[in-house]
Structure formats: C-alpha cells, structure tokens
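Visitor: For reference, the chains in residue letters:
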Amino acid sequence: MELLEELKEMGADIQDGLKRFAGKDTLYIKMLKKFPEAASGLEVMSYLESGQQEQALANAHTLKGMTGNLSLTPLYQGYTQIVALLRSDQPEEAKRILEEILPLQASMTACIERNG
Amino acid sequence: MKYMETRQTILVVDDTQFNRELLSEILGDRYRILEAANGAEALTLLEERGKGIALVLLDIVLPELDGFGVLEEMNKRGWIESIPVIMISSESGEDFVDRAYSYGVIDFIGRPFDTSIVRRRAANTIMLYARQHRLEEMVSEEIEKRERSNQLMISLLGQIVEFRNGESGPHIEHIRHITKLLLRQWNLRHDNAFTEEDISRISVASAVHDIGKMTTPEEILNKPGRLTEEEYRIMKDHAAAGGDMIKKLMERYQDPLLETAYEICRWHHERFDGRGYPDGLKGDEIPVCAQVVSIADVYDALTSERCYKKAFDHQTAMEMIAEGKCGVFNEVLLDCLREIGEELKRMLESGY
Numbered sequence: 311m312e313l314l315e316e317l318k319e320m321g322a323d324i325q326d327g328l329k330r331f332a333g334k335d336t337l338y339i340k341m342l343k344k345f346p347e348a349a350s351g352l353e354v355m356s357y358l359e360s361g362q363q364e365q366a367l368a369n370a371h372t373l374k375g376m377t378g379n380l381s382l383t384p385l386y387q388g389y390t391q392i393v394a395l396l397r398s399d400q401p402e403e404a405k406r407i408l409e410e411i412l413p414l415q416a417s418m419t420a421c422i423e424r425n426g
Numbered sequence: 280m281k282y283m284e285t286r287q288t289i290l291v292v293d294d295t296q297f298n299r300e301l302l303s304e305i306l307g308d309r310y311r312i313l314e315a316a317n318g319a320e321a322l323t324l325l326e327e328r329g330k331g332i333a334l335v336l337l338d339i340v341l342p343e344l345d346g347f348g349v350l351e352e353m354n355k356r357g358w359i360e361s362i363p364v365i366m367i368s369s370e371s372g373e374d375f376v377d378r379a380y381s382y383g384v385i386d387f388i389g390r391p392f393d394t395s396i397v398r399r400r401a402a403n404t405i406m407l408y409a410r411q412h413r414l415e416e417m418v419s420e421e422i423e424k425r426e427r428s429n430q431l432m433i434s435l436l437g438q439i440v441e442f443r444n445g446e447s448g449p450h451i452e453h454i455r456h457i458t459k460l461l462l463r464q465w466n467l468r469h470d471n472a473f474t475e476e477d478i479s480r481i482s483v484a485s486a487v488h489d490i491g492k493m494t495t496p497e498e499i500l501n502k503p504g505r506l507t508e509e510e511y512r513i514m515k516d517h518a519a520a521g522g523d524m525i526k527k528l529m530e531r532y533q534d535p536l537l538e539t540a541y542e543i544c545r546w547h548h549e550r551f552d553g554r555g556y557p558d559g560l561k562g563d564e565i566p567v568c569a570q571v572v573s574i575a576d577v578y579d580a581l582t583s584e585r586c587y588k589k590a591f592d593h594q595t596a597m598e599m600i601a602e603g604k605c606g607v608f609n610e611v612l613l614d615c616l617r618e619i620g621e622e623l624k625r626m627l628e629s630g631y
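Read top to bottom, the protein sequences are chains D and W.
The working numbering numbers the first residue of the first sequence as 311 and each following residue consecutively.
The working numbering numbers the first residue of the second sequence as 280 and each following residue consecutively.
Derived from the structure by calculation, the hints contain no laboratory data.
Possibly wrong hints are sitting among the right ones.
Claimed, not checked - What follows is a set of in silico ranges between Cβ atoms, one per label pair, in the way DEER data are often shown: (1) W:GLY389 x D:GLY321: 18 to 24 angstroms; (2) D:GLY426 x W:ALA402: 30 to 36 angstroms; (3) D:GLU410 x W:ALA402: 40 to 46 angstroms; (4) W:ASN471 x D:GLN365: 44 to 50 angstroms; (5) W:GLY389 x D:SER360: 27 to 33 angstroms; (6) D:ASN425 x W:ASN403: 49 to 55 angstroms; (7) D:GLN400 x W:HIS412: 30 to 36 angstroms; (8) D:GLU410 x W:THR285: 50 to 56 angstroms; (9) D:GLY426 x W:GLY329: 29 to 35 angstroms; (10) W:SER371 x D:ASN425: 40 to 46 angstroms; (11) W:GLU343 x D:GLY321: 32 to 38 angstroms.
Remember, it's a predicted structure, so these values are computed and weren't measured experimentally.
Each residue gets a CB set at the ideal place from its N, CA and C atoms; glycine is no exception.
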C-alpha cells in the first residue's frame with residue numbers, strides 16, 4: 311500500500327480511486343502502474359509550443375480520461391481545465407495550467423515507477 | 280451467470296490502449312473482449328461477427344472514423360437494432376449525450392467511471408438483448424410454422440386436382456419451384472419489383488392454378504388421344520372456372536393471396552400475343568404472376584409424361600418454348616427461363 315499512501319500525499323484521491331475500482335486495490339495498482347507508459351506518448355506541451363492545437367487537445371483529452379479514472383485528482387482537474395481552455399481557443403492559458411501540473415505529473419510518475 | 284456455457288463477446292472501441300486495457304480488466308473475467316483502436320476497425324469487426332458481438336463499448340473521440348461515425352454506419356446497416364452500444368466518454372456535455380442517444384445508443388457512461396457501474400450496465404444490457412433475440416426467434420419460428428401449414432393445405436388442394444388428372448408426380452412442387460426461380464430472375468432486371476413476401480405468396484398460389492379442372496369431366500381429362508374441338512372447348516373452361524371459384528371466396532375474404540390465386544387461375548393460359556384464353560389478354564394486360572406460372576406450367580408439362588404424350592428432355596422442352604411452339608411468351612421471361620436453365624435441368628435430373 312506504500313504506493314497508494316505516497317500518491318495520496320501528493321494529492322491523489324485514493325479513497326475515491328478505490329471506490330471506482332470497487333475496493334479492489336490490486337486492480338487499482340495494476341492500472342496505476344500502466345500510467346507512466348501510457349502518459350509518456352502523450353505530449354501536450356510540444357504540440358502547444360508548435361501551435362498544433364488539435365493534437366494538443368486530443369492528447370489532453372486522453373490524459374483527462376486516464377487521470378480521472380485513476381483519481382489522480384490534481385492532474386485530472388488540470389487537464390479538465392486545459393481541455394476546456396483549448397476548446398475555447400485559449401492556448402496561452404492552457405499552457406500556463408500545464409506548466410503548473412507537469413512537475414506534479416513527473417513526480418507522480420516517478421513515484422509509480424519507483425514502487426513498480 | 281455461471282450457468283452460461285459460452286462467454287459472450289464485448290467489442291471495446293477506444294484509441295487509447297490504457298482505456299482498452301482498463302475495460303478488459305474490468306470485464307475480461309466474464310466476457311470475451313475484442314478490441315478496436317478506431318472506428319474503421321470497429322466496423323470491420325462488426326461486419327465479420329454480426330450478432331456474435333453482444334455489446335459494443337464505444338468511445339466518441341476516435342481516429343479514422345469517430346464514435347458518431349460508427350453509430351451512423353450501424354444505423355445505416357440496421358445493426359443498431361440488434362447490437363447494443365454503450366457510449367463511454369469524458370464528454371458529458373448535454374449535446375454530446377443527446378446526440379449519442381439520438382443515434383440509438385442504449386446507455387451513456389461518463390468518464391471517470393466506477394468499475395462496478397460498467398460491469399452492471401454491461402451485464403444488464405447483454406441480458407436484455409439476449410432476451411429480445413430469443414423472443415424474435417420464437418416469433419419468426421411461429422410465423423414460419425404457420426406459413427408451412429398454410430402452404431401444405433394449399434398444396435393439398437392442388438394435389439387433389441392433379442390426382443384427378445391421374446397424375447401423382449411432383450407437378451405442383453415443380454411449378455412452385457420454377458415460379459420462385461423465375462420471379463427472382465425477374466427481380467434482377469426490375470429493381471426487385473417483387474418483395475420476398477410477394478414471391479412467397481405467388482409461388483404458394485401457383486399450386487392451385489388448375490383447380491378449375493375440378494369441373495372438367497374425367498373422361499376428357501384422362502382421354503389418351505387427341506381431344507375433339509368440343510372436348511377442347513370444355514377443357515379450356517377450366518381457367519375461367521378456377522377464377523370463378525376463387526372469386527366466390529373473394530366476396531367473403533379480402534386477401535392478397537386470393538387475388539394472386541385468382542389472377543393465376545384465370546389467366547395462366549393467356550398468351551403474350553393475345554391468342555390465349557379465356558379473355559385473350561395481350562402483353563402487359565396479363566399479370567406477371569400469371570405469365571410466370573404459365574411458362575412454368577408449360578415447361579413442366581413438356582418435361583412430364585402425360586396420358587397423351589411422352590416426356591421431352593430438358594433441352595427439347597427449352598427449345599420448343601423458345602421457338603414459340605407452345606404459344607408466345609414475354610421475351611423478358613424467356614430470357615429469365617434461359618438463365619435458370621441449368622437449375623431446371625438439375626431439378627429434372629434429380630427427380631425432385
């Protein structure tokens with residue numbers, strides 16, 4: 311349960327996550343461990359920087375779904391905002407939010423990998 | 280659901296591997312999971328497996344063809360009626376949800392979701408549709424059974440007439456079969472002018488084409504030699520007489536089957552050039568169903584042994600009809616007859 315404890319300290323809503331996985335922590339952890347690899351291919355920042363807003367939106371949308379289902383709540387909230395901002399054509403604002411949450415995403419990812 | 284022997288199949292359509300894996304984890308212990316990463320792949324799998332897929336879990340945002348595109352295609356091909364779709368998406372805006380329902384999805388699950396909700400809704404939907412499929416099967420079996428017994432009784436009527444003719448051969452079955460084949464062929468040329476229901480009705484009605492012969496004296500029916508002019512006139516009365524018998528019924532019952540049977544009985548001896556009987560109808564004045572039965576009747580008469588003649592072989596019969604030795608027929612029907620020639624030959628050789 312070390313992984314879950316650590317993630318909880320970083321702001322993940324573990325309670326909610328466990329509820330989503332019907333109390334099955336093994337499945338929850340199994341899916342958490344898939345997150346780093348799944349997220350690694352999803353670049354939002356570089357698409358934003360190169361002005362490819364459509365691609366940025368698609369990837370942010372996918373990350374929103376994944377982080378939501380894993381109850382990585384601060385990331386989920388961030389990507390939810392980013393998706394909304396990109397839809398209303400505010401890439402600069404979206405980028406600002408992304409800059410805020412990327413360090414947290416990095417540390418959560420590192421934590422999951424460490425506990426793998 | 281432990282009593283279920285074969286596991287049912289769920290098609291998971293999502294471009295994100297993580298999401299597919301998650302759904303597989305949630306449902307894989309109870310169901311067989313098929314995965315598609317885009318809309319086009321999903322359609323291919325649906326095409327291959329049809330109702331072998333018990334449920335589709337569909338994401339909206341997909342490459343190639345998106346979720347709505349998949350739904351549109353499923354509607355167009357009529358699959359949405361028999362294969363349930365649950366949409367899963369983090370798009371929970373009303374317009375998205377409304378649009379999904381208007382395309383006929385049975386349920387909408389918002390992301391993030393609870394695994395237990397996905398399991399329950401999947402199980403409920405599959406059960407509901409399985410029940411519907413079973414009911415549909417029962418109904419169509421029942422209809423088939425009723426149609427079969429209808430057909431049997433009508434064939435029996437036809438058989439009575441044939442028996443009085445001193446014939447116990449498969450004349451009725453042959454004519455029904457040839458009629459069906461000719462109508463299908465006709466359909467290829469006329470943009471499916473006849474529905475399957477029409478074809479079934481006409482071929483069933485073909486069995487009674489000669490019921491008017493009940494009024495023909497037996498010594499004329501079974502006279503081995505050539506008929507005198509007077510005898511031939513009496514013989515010819517059978518067409519109008521058959522029509523009259525059915526007309527009587529039509530006063531009491533209104534049914535397309537009776538109408539078709541009337542047309543066939545009365546006009547199956549008309550000829551395209553107007554030289555047939557009883558009314559001397561010409562060309563398109565003769566209903567197609569009567570034209571079809573008349574050509575089927577001639578082919579079968581030629582290839583059967585009768586009290587006044589021997590049986591001709593297939594080739595000779597086809598030539599005699601084509602050359603107009605049995606009266607003039609619709610050119611299109613003659614083409615149709617030629618096209619089903621091989622099948623007729625097989626039918627004749629198999630003794631069916």
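Visitor: Determine for every hint whether it applies to the structure shown.
Guide: A quick look at each hint next to the structure:
1. Evaluation of the 18 to 24 angstroms hint for GLY389 of chain W and GLY321 of chain D yields a pass: the beta carbon distance comes to about 22 angstroms.
2. Between GLY426 of chain D and ALA402 of chain W, the C-beta spacing of about 33 angstroms keeps the proposed range 30 to 36 angstroms intact.
3. Take GLU410 of chain D and ALA402 of chain W: their Cβ atoms lie about 41 angstroms apart, and the range 40 to 46 angstroms holds.
4. For the pair ASN471 of chain W and GLN365 of chain D, the beta carbons lie near 47 angstroms from each other, so the given range of 44 to 50 angstroms is met.
5. The beta-carbon spacing between GLY389 of chain W and SER360 of chain D, approximately 32 angstroms, falls within the hinted interval of 27 to 33 angstroms.
6. Restraint check, ASN425 of chain D to ASN403 of chain W: a C-beta distance of roughly 37 angstroms breaks the suggested window 49 to 55 angstroms.
7. Evaluation of the 30 to 36 angstroms hint for GLN400 of chain D and HIS412 of chain W yields a failure: the beta carbon distance comes to about 49 angstroms.
8. GLU410 of chain D and THR285 of chain W have their C-beta atoms about 51 angstroms apart, which keeps the hinted 50 to 56 angstroms range intact.
9. Checking the proposed 29 to 35 angstroms range against GLY426 of chain D and GLY329 of chain W shows it is violated: the Cβ atoms sit about 42 angstroms from each other.
10. For the pair SER371 of chain W and ASN425 of chain D, the supplied restraint of 40 to 46 angstroms is violated, since their beta-carbon distance comes to about 32 angstroms.
11. Here the CB-CB span from GLU343 of chain W to GLY321 of chain D is close to 37 angstroms, well matched to the stated 32 to 38 angstroms.
Violated hints for the displayed structure, listed by number in ascending order: 6, 7, 9 and 10.
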